[in-house]
Amino acid sequence: LRKRGCGCGVDSDYDEAGYGSGARIHRASVDAIGEFRLVSTMYSAEYGQTVGAVINYISKSGTNDLHGTVFEFFRHDKLDARNYFNPAPAAKPTIRLNQFGGVLGGPVVKDKLFFFGSYEGVRQRTGPTFNVWVPTAAFRATLPAVLQPVVAQLPLPNGPVSPSEPRLARYTATRANELTENAGMVKFDYLPSAKDRLTVRYNPMPSFTKSYFGVGEGQYRPVPSFLQTGKVSYTRTVSPSLLNEAGFFVNRLDTDWVAGGTDAVRAFPRTTMGGGAAVVGPAQFDMPVANTAFTYMDALSWVKSRHQIRIGTQIARIRENKNQKFQQFVNYLNLNQFAQNKAYSVTTQGRPEPGMRGTQYNFFVQDDVQATTRLTINAGLRYQFDTTPSEAHGRIANFDFSKGTVEPAGTPIWEAPKLNFGPRVGFAYMPFHSKQTVIRGGIGLFYTNQNPAQVQNMPNNIPGFSQARSVNTTQYPNLVGFPFPDLSSFPSANTLATFSKDWQTAYTEQWNLNIQQGFGANMVLQAAYVGNYGRHFERWEFANPLVAGTAGRRYPSYGIINNNVPGASTKYNALQLSFKRRLNHGLTFNVNYTWSHMLGQGALQGGTAVQNPNNWEAEWASEDYDIRHHLIFDYTYQLPDAPLLPKWVGSGWQINGITTMRTGLPINVGAGTDPMGIGSATSRPNRVPGVPMRPANYSIPGRQLNIAAFTAPPPGTWGQLGRNILSGPPSANWDCSLFKRFRVREQHELEYRFEMFNMFNHPNFSGPGSSLAGAANFGISSSTSTAPRQLQFALKYIF
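Start counting the sequence shown at 7; every next residue gets the next number (our numbering).
Just so you know, these hints were derived from the structure itself, not from any lab. Source: prediction; values computed, not measured. Keep in mind that the hints are not guaranteed to be accurate.
[What the hints assert, rightly or not] No farther apart than 20 Å at their CA atoms in a straight line, the calculated lysine to any residue pairs in the SDA-like style are these:
#1 Lys201 <-> Asn137
#2 Lys802 <-> Asn739
#3 Lys310 <-> Thr243
#4 Lys409 <-> Pro562
#5 Lys507 <-> Ala459
#6 Lys424 <-> Lys507
#7 Lys216 <-> Lys118
#8 Lys310 <-> Arg363
#9 Lys98 <-> Asn137
#10 Lys328 <-> Pro358
#11 Lys328 <-> Arg363
#12 Lys98 <-> Phe219
#13 Lys507 <-> Leu425
#14 Lys118 <-> Arg203
#15 Lys441 <-> Arg380
I would like the entire structure built from these sequences, with the hints used as guidance.
Structural data, given as C-alpha cells:
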C-alpha cells in the first residue's frame, strides 16, 4: 500500500476506518509490510494530492523459500495503572487486548508464481473514564414536566457539587468500549519472464466497534464496518534503462455510523443544556456510508546518462454515498434558559442518500540529475486537475448571491480550476572532499485534492430533498425546545450549504534548507529550517445572518446559509534539529527536536469557530494544533551476551524506548453568547483590565484559567479577546520495551516482548474548558489525552 502516491503506488485516502470505527488505518499486518517510508518535505513530483507528508507502505511478496511469522499480543487491566480520574475504590476500567495472527509467503511454482498472505485479529476492550457534570437531584425537582425526560437520561451525581454552578455535580464512571477486527491480505506475484511481473493483491477488513460518547442512556455507537482494497499491477522491464509500471486499484468502505445504542436514544433530540452539563441524546450524524475509489496509474522510469527521469499519471474516480438519517437538536446557552425551556436554537438534519462523484487527474515528470560528483539537482513538475464535484442524479445546486436564489438543479457548482501546476526544485551538495557534510534545500508548490465529499451537503439546497432546518430565539423569542417544534411550519428555516463560484484549490508554498554533518561512519547531526505558506484553504462564512435589530435575514426567503470560501491562509516556520546514530556495537538512537509556530485563520482541519464571519483578519492567530516545542527520543540497545549464563538465557536481549515531550496546545476562550444578534453564539469575551488570565493558585488540572479575567461583551459589540491566546497543559510520555530472542533452530526464532506504555504513569491532561457559558468546566481539564500505564506481553515465532 502506498499513501498518497502515484506511479507504481496508490492513493489510499480511504485507507482509514473513520466514521466511528476504531479499526486501524491500514489493512495489512505490520509483519506484511516490507518497507515503510515517510517523506515529510520536498518530495518528488511523483507524489501529490496532499500538502502534508507522504507515507508509503510497501507490502511483502513471496519468495522461493517458505517464510512466515505467528504472533499474539496481550494486555489486561489487572496489570495496568488507574486513570487519574478513576481513583480507588471506584471500579477500575476494563482493558483487554488480544492481537493475534501471522503471515506466510512462499512459492506456488518455483521462480514463476509466488504467494503471500496475512491475517491479524484484534479483540479489544477498553474502559474510558468519564468525568462530567450532571444536574443535581434538587435542580431536577424544580424542572417542568416537559423537561423531565431530558434529565432522566442522565445518572444522578456521585461526586461533589460544582463550586461555580451549584445546580451541577460531578459524575465519574467507566464504560467498556469494544473493537473486533479481522484484517487479511492475499497477494500473488507472477513472473512469466525475467522482464515481466504481474501482481494481484486483495485486503479485506471487517470490523465492529462499540464506543461510548457519554454517560447518558444509550450513549454509545455500535458501528459495523467493512473495508476492502484490491490492486492489479504490471511491471515491464523494456530495457536495462527503461521500466514501465501500470496498475489499477479499488478502495471500498462500507460502514453504518450509528448515532446511538438504542432506537429511543437515536430518536431523542440531542440536547445541550448549557452550564457545562453533559450532553443528552445521540451523537451527531446517524449515517450509513458507502464510498469507493477507482484508481488507474502508469509510470515510466528512464535512466539516461546523468538523468533519472520518471513520467507518470494517476487518475482516480471517486464515489461518495452517505444517507443522513433524520435527527433533532436543541441548544440552550445556559441552565437558566434550560430551566425555563427557552431554547437558543432548534435544528433538524437528514436527507436521502446523494451520490457524490468526482474525478482526479494527475500527471507528473521528475528528473533527478547528477550534475557533478558533488551536486545533485532534483527538478519536477506536477499537474493536477480535479473535476467539479457532481451528484449522480443531478441533485445538486449552488446559491447565486447576486440574485438571492438557488440555481437550477444540476447546474455546475463552479468551474474547476485548470492551472494547478506544481513545480518543485531541490538540490543536494557536498562541499568537502570528506563527504561528511551535505547541504540540501528546495522549494515547491503542493496542491491538495478536491474530494467530492467536500460538497456533500449541497443537495440540501434542492427544495424538498433535505430536512436541514434551523431557527433560533433571536428570530423567534418564544422558541421552546420541548416539545420539539415542527420546523417545517417556520418560514425561512431551511439551511443551505453553498460554495464560492470562484473556487480555488488549496496549496502550500514550501521551502527548506538543511545541513547534515556526519561524525565518523555512524552518526549524523542535522539542522534544518522548514517553512510553508498556505493559500486558498477553505473557510466558512455565516452568509445569511439576522439583521441586527430585526427578526429578518439578509436573504429573507432562506434560513442559515453556510458559505464555503477558499480564502483562508496559513503560515508555518520551524527549526528542526536531529541527531542520529546508526546501529553500532548494538546501539542505535534518534533525537529529534522541533521549535515551530503554526499560524492561520482556523480553517485547516475545521478550527475554532470564527467570531465575526465578516472579519476573518481578526482570526489570524496560532492554529489549534500549534506546538511550539516538540522533542522525540527513541533508542534500541542490543545487550551484550552475559558470559556466566548459558547462551540461550544470556544472549538475544534488547531494550527499546520512545520518549515524547511537547508544549501545550492553544486554548480559545469563548463567551458562548450572541451579542450581535446574528443567530450564531460564537462571540469571544472581553478582558477585564488588571485581572490576570491565570489564577494565582494556578495548577493542572483544576485551576488553569481565571474566569474573573473575562466578561461577555455587551449587546451590539464583538468580544475583543484574540483567538487562541493561551496554551493548555504540556504532555510527556515514556514508552519502553524488553525483547528476547530464542534461537529454535536454523532460521527459526521465538521472540518474547515485554512492553510498557506510559512507563511512569504520568497523566497528560486534555485542554481545559474555556467557554464562559460552561462555568462548571471553565479552566478545568476533565480527561487525559493519554492512557495510564499499560503493560503488554507478546510472543512471535519467526521462520
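Now for the hints, and whether the structure bears them out:
| no. | hint | result |
| --- | --- | --- |
| 1 | Lys201 <-> Asn137 | 63 Å, violated |
| 2 | Lys802 <-> Asn739 | 26 Å, violated |
| 3 | Lys310 <-> Thr243 | 15 Å, holds |
| 4 | Lys409 <-> Pro562 | 13 Å, holds |
| 5 | Lys507 <-> Ala459 | 17 Å, holds |
| 6 | Lys424 <-> Lys507 | 14 Å, holds |
| 7 | Lys216 <-> Lys118 | 45 Å, violated |
| 8 | Lys310 <-> Arg363 | 41 Å, violated |
| 9 | Lys98 <-> Asn137 | 14 Å, holds |
| 10 | Lys328 <-> Pro358 | 8 Å, holds |
| 11 | Lys328 <-> Arg363 | 12 Å, holds |
| 12 | Lys98 <-> Phe219 | 18 Å, holds |
| 13 | Lys507 <-> Leu425 | 16 Å, holds |
| 14 | Lys118 <-> Arg203 | 9 Å, holds |
| 15 | Lys441 <-> Arg380 | 8 Å, holds |
Of the numbered hints listed earlier, those contradicted by the structure are 1, 2, 7, 8.
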